[in-house]
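The listed protein sequences correspond, in order, to chains A and B.
For the first sequence, our numbering gives the first residue as 1, with consecutive numbering after it.
For the second sequence, our numbering gives the first residue as 1, with consecutive numbering after it.
Note that these hints are calculated values from the structure, not bench results.
Any given hint could turn out to be false.
To be verified - Pairwise CB distance ranges (calculated):
#: 1; chain 1: B; residue 1: Leu348; chain 2: A; residue 2: Arg82; range: 43 to 53 angstroms
#: 2; chain 1: A; residue 1: Asp63; chain 2: B; residue 2: Ala114; range: 31 to 41 angstroms
#: 3; chain 1: B; residue 1: Pro308; chain 2: A; residue 2: Glu35; range: 43 to 53 angstroms
#: 4; chain 1: A; residue 1: Phe68; chain 2: B; residue 2: Asp292; range: 49 to 59 angstroms
#: 5; chain 1: B; residue 1: Glu241; chain 2: A; residue 2: Pro94; range: 37 to 47 angstroms
#: 6; chain 1: A; residue 1: Ala9; chain 2: B; residue 2: Glu177; range: 34 to 44 angstroms
#: 7; chain 1: A; residue 1: Asp63; chain 2: B; residue 2: Lys113; range: 26 to 36 angstroms
#: 8; chain 1: A; residue 1: Glu54; chain 2: B; residue 2: Ala90; range: 25 to 35 angstroms
#: 9; chain 1: B; residue 1: Arg27; chain 2: A; residue 2: Phe68; range: 50 to 60 angstroms
#: 10; chain 1: B; residue 1: Arg58; chain 2: A; residue 2: Ala70; range: 33 to 43 angstroms
Stated by the list, open to error - Straight-line C-alpha distance at most 25 angstroms; calculated DSS-like pairs for lysine-lysine:
#: 11; chain 1: B; residue 1: Lys245; chain 2: B; residue 2: Lys306
#: 12; chain 1: A; residue 1: Lys87; chain 2: B; residue 2: Lys152
#: 13; chain 1: B; residue 1: Lys146; chain 2: B; residue 2: Lys113
#: 14; chain 1: B; residue 1: Lys231; chain 2: A; residue 2: Lys39
What the hints assert, rightly or not - Examples of chain A residues toward chain B, derived with CB under 10 angstroms:
#: 15; residue: Gln21
#: 16; residue: Ala24
#: 17; residue: Leu32
#: 18; residue: Arg50
We put the beta carbon where it would ideally sit given N, CA and C, even for glycine.
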Amino acid sequence: MNQPVIDAASRPVIERGFRLQWEAAQNAHVLLYPEGMIKLNGSAGEIMKRCSGESTIAEITSDLERAFTANDLYEDVARFVRMAVEKRWLTIRP
Amino acid sequence: MADHSPVTTSPRKPGPPLWLLLELTYRCPLHCAFCYNPTDYAGTGPELGTQDWIRVLRQARALGAVQLGLSGGEPLTRDDLEDIVAEAHALGFYSNLITSGVGLTDARIRALKAAGLDHIQLSFQDSSRQMNDFLSSTRTFDLKYKVAALIKQYEFPMVLNVVLHRLNIDHVEEILEMALRLGAEYVELANTQFYGWAFHNREALLPSRVQVQLAEQTMQRFRERVGSRMKIFFVVPDYFEHRPKPCMNGLGSIFMTIAPDGTALPCQAARMLPGLAFPNVRAQSIEEIWFDSPGFTHFRGDAWMKEPCRSCPEKAHDFGGCRCQAYLLTGDAANADPVCDLSPHHHLVTQAVAAADRPPAAAADRPPAAAADRPLKEQPLVFRSDRNSSTLFVGRNDT
Numbered sequence: 001m002n003q004p005v006i007d008a009a010s011r012p013v014i015e016r017g018f019r020l021q022w023e024a025a026q027n028a029h030v031l032l033y034p035e036g037m038i039k040l041n042g043s044a045g046e047i048m049k050r051c052s053g054e055s056t057i058a059e060i061t062s063d064l065e066r067a068f069t070a071n072d073l074y075e076d077v078a079r080f081v082r083m084a085v086e087k088r089w090l091t092i093r094p
Numbered sequence: 001m002a003d004h005s006p007v008t009t010s011p012r013k014p015g016p017p018l019w020l021l022l023e024l025t026y027r028c029p030l031h032c033a034f035c036y037n038p039t040d041y042a043g044t045g046p047e048l049g050t051q052d053w054i055r056v057l058r059q060a061r062a063l064g065a066v067q068l069g070l071s072g073g074e075p076l077t078r079d080d081l082e083d084i085v086a087e088a089h090a091l092g093f094y095s096n097l098i099t100s101g102v103g104l105t106d107a108r109i110r111a112l113k114a115a116g117l118d119h120i121q122l123s124f125q126d127s128s129r130q131m132n133d134f135l136s137s138t139r140t141f142d143l144k145y146k147v148a149a150l151i152k153q154y155e156f157p158m159v160l161n162v163v164l165h166r167l168n169i170d171h172v173e174e175i176l177e178m179a180l181r182l183g184a185e186y187v188e189l190a191n192t193q194f195y196g197w198a199f200h201n202r203e204a205l206l207p208s209r210v211q212v213q214l215a216e217q218t219m220q221r222f223r224e225r226v227g228s229r230m231k232i233f234f235v236v237p238d239y240f241e242h243r244p245k246p247c248m249n250g251l252g253s254i255f256m257t258i259a260p261d262g263t264a265l266p267c268q269a270a271r272m273l274p275g276l277a278f279p280n281v282r283a284q285s286i287e288e289i290w291f292d293s294p295g296f297t298h299f300r301g302d303a304w305m306k307e308p309c310r311s312c313p314e315k316a317h318d319f320g321g322c323r324c325q326a327y328l329l330t331g332d333a334a335n336a337d338p339v340c341d342l343s344p345h346h347h348l349v350t351q352a353v354a355a356a357d358r359p360p361a362a363a364a365d366r367p368p369a370a371a372a373d374r375p376l377k378e379q380p381l382v383f384r385s386d387r388n389s390s391t392l393f394v395g396r397n398d399t
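Extracted from the complex, chain B is given alone in its bound form (with noise of 0.2 angstroms):
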């Protein structure tokens, strides 16, 4: 189905998929407005059984999958998560739980270090309860700091992860105080990538460009004061620069989410890509997935690739971005993520940008203001939930 340019080169035949993410359910007892699950959720299939999920571990594994993460939504809400942990222990797989903490008890933690489970990934969305709460539309802040304890309690590596955009980078220095005495061993300030939820949200998430400079300066400082005992990840967010980032190092080429009803992606967000029938767990095995379907072939290597891309001497390295971005923004997916400055359609992220400029306290975190004051038109955060998921969207893109 790619279009077979002679001027480019054929994908080797690839390497096996190293990393393996497990989205186990879509259901989460947060709802947070930059979730990246897809906003339709609530419209796809039931989720797969145990069974399901142990033969997908055991063909990815034989394939040479190693990095496994454990996802979801909310992992805890399936009672046959330690199973799937001391399965995937067995096959030797390095396990992350990737959690909200939220049903994280003290029974689960240690039925989960019995199991074989290597580390745990903690989100917080802010260092003050108020925000945390605010965020994720839930009271779990305080929940938060005893999970946290439990899992140095434990002994399980700890990587708090915090999720970035305009309503908390400002508060960079105090989720770093946060981490470093809950005793994290690595932080991720993921900055907000705007797919999902995010994408719909992206007017009252996108930070102002001084916010993140401000954001990064602090994060430098933090890092020369802790040295090597906490590990910081920072990555700029993508709107902010010149060049795309090489997303998933190319799709189809170290990545494969598997969702929670079974269709295999070669990224988190991949679903929403029009015209690639996703294969499904159910119906093929995780070597004719990787290898054949159309969903994994299409993207790899830059057959697929148009100009500017396709003459460019930074393809190798760069892979023409992210395609869900591309999608998103121009409509099509085999468009240079427009993140490039050498894209025609650069001007989307840069208008996107120069808005975000505007003085940084947001419409949902302060008072309405007079209209006159209020240049841009504000709408109120869309939070993950159900109900709007059901309502956000009447269709679906792969149908």
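Pulled out of the complex, with its shape left as it was, chain A reads as follows (with noise of 0.2 angstroms):
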């Protein structure tokens, strides 16, 4: 299968059938897939719960870099994406 190229300009969405949601007797972000669950890291959950598909990697990289003072995240961020992209949690929008 191609995978698509990704990179700063890339939106990426939560794969259909997958949800992601906060849980409180975690206290986590897991993401729900049929026959499985994902209990995210702090920082997986705040890059994952800006996939809406509407902003490009460079945008959610920013919208951290502000919220938590921080820079030079942008790979961090791709290199997640790309990870997620590849085990079906993320897909890139067309």
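Join these two chains into a complex; the hints should help.
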């Protein structure tokens, strides 16, 4: 299968059939899907909840840098998105 | 009631029952010979009502349960399924309908979509009409094809589940082709677990080692060919392993099943375990059941373990394996799962596997052979039915 090129202009969105939600009992964001559940760590949860299909990776990065007063997050965000696309948690909106 | 030896660690306060499975009914239009429902299901009490199930959902969700399976029996035989799904959705569960497809009409699937059902797991018994219909003792193959199309039409993620055993494991390639054709996103090739009806039919259902190896190779090739568009789950049947599976991640650690009569169980098969009075949701809250009832606390942690598990460095990984399997094969649920080659009872598994290495055609799907050609006593499959359930065993283990 052809994987789309993932760059700063890509708009990631949560894959159909997956659901991201905050679980107070686990104090974490979890990703729910058929037969499984992934408990996300803090940064993964913060990235995933911004993957609406509307924002580009560049925009998600700036938003995170603002929210956490951090710099140079782009590579971390892009690496996570690539991994999540490979695992089919996220897909790139055409 | 546990033997709290000072050399073992007492269980920490457990996390929530993240995974809740509601067996809404034992009623089922199919009669599968490998069904894991108890063989004496016909003797269980009346089913919970809609309000009972809704109370269970609310209490479990409040504790942190989030993955929800709706199973049975065939859950579609309940006409309040849509109400149960709607409540689950409103509470934030991720809900999965586990179905044979029988009863999933256009009207019902539309109503389930509207109620917020998240995905559907559809069972097939085989890739061929003849074997599907034989194994389920029904004519349901064509219907399942239609239901698969409906699931796609209503844009549910589809998990196709096929229970594998001696009579269909050689069809893995055809089964996977069928799944691809039907557009399944996930395929679960679930090797038969030998409890309930399957244990009773073990001799006819246990595949040979060669069958298992070939099936695994076929599945690997297929996986490489189709890549990520269809995810294939395949777990080697545990009889062929040297170490037991970490069954349920340890009893009472993440999983809770509610049987149709309201009995709360730490796994679907646990009702067979003797000496544990499993609580009922009619009388107790999910919170009391999860944290305080012996049915859930007894096998939690490792205080219950005997040797060789107790001193085993791997106990934190496999939790001693499956309590039901230990009980079924050795008569003591606190023994090591005999799948483990460190178990003094491991020969019980290796003997069954050796017996399965006979030529692969089984008695049930070929004409009877002459006695001289049949070194092993072969018994015909006993199909799950109300009649067989009433006659197979006279007593219940837990009374």
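A quick look at each hint next to the structure:
1. Leu348/B x Arg82/A: 43 to 53 angstroms: Holds, at about 48 angstroms.
2. Asp63/A x Ala114/B: 31 to 41 angstroms: Given range 31 to 41 angstroms: holds, Cβ gap about 34 angstroms.
3. Pro308/B x Glu35/A: 43 to 53 angstroms: 32 angstroms, violated
4. Phe68/A x Asp292/B: 49 to 59 angstroms: 42 angstroms, violated
5. Glu241/B x Pro94/A: 37 to 47 angstroms: This hint holds: roughly 44 angstroms between Cβ atoms.
6. Ala9/A x Glu177/B: 34 to 44 angstroms: With a Cβ separation near 38 angstroms, Ala9/A and Glu177/B satisfy 34 to 44 angstroms, so the hint holds.
7. Asp63/A x Lys113/B: 26 to 36 angstroms: 33 angstroms, holds
8. Glu54/A x Ala90/B: 25 to 35 angstroms: Once the Cβ atoms are compared, 26 angstroms apart, the range 25 to 35 angstroms for Ala90/B and Glu54/A holds.
9. Arg27/B x Phe68/A: 50 to 60 angstroms: 54 angstroms, holds
10. Arg58/B x Ala70/A: 33 to 43 angstroms: Taking Cβ atoms as reference, Arg58/B and Ala70/A lie about 40 angstroms apart, which means the hint holds.
11. Lys245/B x Lys306/B: 18 angstroms, holds
12. Lys87/A x Lys152/B: 22 angstroms, holds
13. Lys146/B x Lys113/B: 17 angstroms, holds
14. Lys231/B x Lys39/A: 20 angstroms, holds
15. Gln21: At about 6 angstroms, which falls below the 10 angstroms cut-off, the nearest Cβ of chain B leaves the hint on Gln21/A intact, so it holds.
16. Ala24: 8 angstroms, holds
17. Leu32: Interface hint status for Leu32/A: holds (4 angstroms vs cutoff 10 angstroms).
18. Arg50: With a closest approach of 21 angstroms, the Arg50/A hint is violated.
When each numbered hint is compared with the structure, violations occur for hints 3, 4 and 18.
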